[in-house]
Amino acid sequence: MKKLLFITLFWMLAGELMAQVVTPSLDPALPARLSSAISWRYGSTIGVEKVNQQKPDHPDGVSSEDLRTGALIAYQPSHTTFEVYNVSSESGYNWEPSTDSFEAVKNSLSRINVAVRGENRFSIGIGFNTGAVETGTSKVESKSYGGSFSVRVLQGIFLGGGIEKVTETPAEFVTLKYDILYSGLAFMIGDPTGFMFRVEGSVSSSPETKTQTGDLSIHHKTQEANAAAEILMGWFLLSYLNQQKTLFSYDSDNNDKKDNIGRYGVGFRGDNLSIVAYKHEGSQSIGSYERVVKQYQVTLGFSFF
Amino acid sequence: MSFAIRKTMQLVKKKTLLILMLLGMALSAPTISAQVLTPSLDPTEPAILPAATGWREMKTVGLGYGEGSGNRVLDEEQIYEFEKAGATLTAAFQISNFFVEAQSSSITNKTKLEQYYDGEFNNKKAKSQLNLAIIGNEFVSIGMGGAALESDDFISAAYPEVKTKETSTIGSISISLKEVLFFGGGVERIKQTSDYAVPNNWSNTVLGLGLRVGTPGSFRFRLEMSSASSPEAISEAKGTLAEANHPKTTINRSSAEIMFSGLLFSGNLEETKLNSKAIDPQSKEEIGDIARSKSRAGVLWVPEEGLLLGFYFINETLEREFKDTKDEFSFKLGYIF
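These protein sequence lines map, in sequence, to chains A and B.
So the first sequence is numbered by my numbering: it starts at 1 and just counts up by one.
So the second sequence is numbered by my numbering: it starts at 1 and just counts up by one.
Take these hints with a grain of salt, some might be off.
To be verified - DSS-like, lysine-lysine: derived pairs with alpha carbons at most 30 angstroms apart: (1) A/Lys221 x B/Lys110; (2) A/Lys258 x B/Lys112; (3) B/Lys323 x A/Lys210; (4) A/Lys177 x B/Lys163; (5) B/Lys110 x A/Lys139; (6) B/Lys326 x A/Lys210; (7) A/Lys143 x B/Lys124; (8) B/Lys326 x A/Lys143; (9) A/Lys177 x A/Lys279; (10) A/Lys210 x B/Lys248; (11) B/Lys248 x B/Lys124; (12) A/Lys143 x B/Lys248; (13) A/Lys139 x B/Lys163; (14) A/Lys50 x A/Lys210; (15) A/Lys258 x A/Lys139; (16) A/Lys258 x B/Lys163; (17) B/Lys112 x A/Lys177; (18) B/Lys323 x A/Lys221; (19) A/Lys177 x B/Lys248; (20) B/Lys124 x A/Lys177; (21) A/Lys177 x B/Lys326.
Don't read these hints as lab results, they were simulated from the structure.
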């Protein structure tokens, strides 16, 4: 059986980049998924986050956890917005049921977004990403760049979409290239000094891509749907997000790999300081096998207008 | 007989002449732009004819980068896969009524041969151009420029990296009526040398008509159509160098752009036809037409001053006995002074 290299870089770090396709989260310390979304931020922010992900369901009872640390700087001097984000894991383990492998993994992702906002009605952005997933035996690196566009209609309704061109290097002299297409619709009203309400729905997809130089390397056809709802009342912030992600024909039996994860957040967002705690809970399944995933996240942000 | 061998034998018959023709095809401009009489409303786009530079309204520096992929299909079967990456740099400045524009672009192509086929493709292409223009009475722009293009092409297994150079000198004029309607044209004299064929030279004549409405900061609309043509030019083989044959070529360009509140929507189309009346020595038939089409659509933020940002989608097709299709996505970043 040929060894297959499953490329899961962006999936593994999906927890850091949920939703925020058309509009930014009401938590200013969270990064945007698409560059054009950052134009709709209110002011500049310096933020940090800590994430603890647990996957305690190896049959032998061995628990695994990922500890990740992220930092964000968003700078909005005028109608131009810059956002720089980095997240990396301090320790992590991944159990792959299809191959019954259990190995330490370190991953990292860096992102730079630039966007301009025109007349408070539309936003154009470009973004650049680099990332790596490193195990004891292999290192998968990736780079991507993309463009996106969003438009505000009727004051509170936002439409947006974009494309991301990804190049992954699963091994020396091996590259995988594919495009990720995004689209979304959001409703966002209010301002952070009093009341804000945001709901957003978005979808993204990328096709299957294979290359065989030595071992077979494959990026599975992927579809993702996100739905988010957030409310800020005075300084009290409530946040909910649901993400459903499918990697098609993931294992040798052509079973799909499915994620169904909910994120619940509660916190404080003042004029300058924000602290929000999240619990991510959901399931990942491959064929008949299913496991529970839990993740705890806390963000701390300092914003200024 | 295998598919690859059968097709190779068919194409070897046409190789000599088609190789020479493709050199002309490969040496077309690596970027698509229709700025013959007036500059694009995207100020980071370079002008084709130098007189268009005279109607620029902004001092600009710009950078573009794009990646794309595609394939070659022969008899409904994919035989090649393409990947490309390219970058452009543009700078435009004004000193009194004197305008200077410098541009540089390069493209690198990687081709994966899924089946061996004795067909040509481009490995690398780089172009530089300097345009100078002077405005008279806000009525006429006269420009002159020079360009250099280098191309590295796969011709056959025996000639995997044929290097070709083209240098050109350009003179053009663009006349404005009421600062709305523009007409004019230019002549480009091209000299070509390569390590495969003897030197060759020809002239390219361009005529166009354009419409540009509005001023920076307000609603703007631009429409331009032009046609460039060059006759067949043949230089006979000498020594170890093959005959150089530039086929009769027609390039029709059109551009439509609309801008409001700083948001620019831009569309360009370039259609090239090569017509070779050369006779295939094997089939005794005229080789005929080769067609290439390149279209580009984009959206950008273009302020009166400050950061410019946007992106384009590009599609390109080439039709011969095979069909090449390529799609590309590129972004633009620039600054307007």
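Evaluated hints:
1. A/Lys221 x B/Lys110: holds (24 angstroms)
2. A/Lys258 x B/Lys112: violated (34 angstroms)
3. B/Lys323 x A/Lys210: holds (23 angstroms)
4. A/Lys177 x B/Lys163: Holds - the C-alpha atoms of B/Lys163 and A/Lys177 are around 29 angstroms apart, at most 30 angstroms.
5. B/Lys110 x A/Lys139: holds (24 angstroms)
6. B/Lys326 x A/Lys210: holds (19 angstroms)
7. A/Lys143 x B/Lys124: At roughly 22 angstroms apart (the allowed maximum being 30 angstroms), B/Lys124 and A/Lys143 satisfy the hint.
8. B/Lys326 x A/Lys143: With Cα atoms ~21 angstroms apart, B/Lys326 and A/Lys143 stay inside 30 angstroms; holds.
9. A/Lys177 x A/Lys279: It is violated: about 34 angstroms lies between the C-alpha atoms, which goes past 30 angstroms.
10. A/Lys210 x B/Lys248: violated (42 angstroms)
11. B/Lys248 x B/Lys124: Holds, at about 24 angstroms.
12. A/Lys143 x B/Lys248: Violated, because 43 angstroms separates the two Cα atoms, which is more than 30 angstroms.
13. A/Lys139 x B/Lys163: violated (37 angstroms)
14. A/Lys50 x A/Lys210: violated (34 angstroms)
15. A/Lys258 x A/Lys139: Cα-Cα ~24 angstroms, so holds.
16. A/Lys258 x B/Lys163: violated (51 angstroms)
17. B/Lys112 x A/Lys177: holds (14 angstroms)
18. B/Lys323 x A/Lys221: Holds, at about 27 angstroms.
19. A/Lys177 x B/Lys248: Between A/Lys177 and B/Lys248 the Cα gap is close to 38 angstroms, so the pair fails against 30 angstroms, i.e. violated.
20. B/Lys124 x A/Lys177: With Cα atoms ~20 angstroms apart, B/Lys124 and A/Lys177 stay inside 30 angstroms; holds.
21. A/Lys177 x B/Lys326: OK: A/Lys177 and B/Lys326 at ~14 angstroms, within 30 angstroms.
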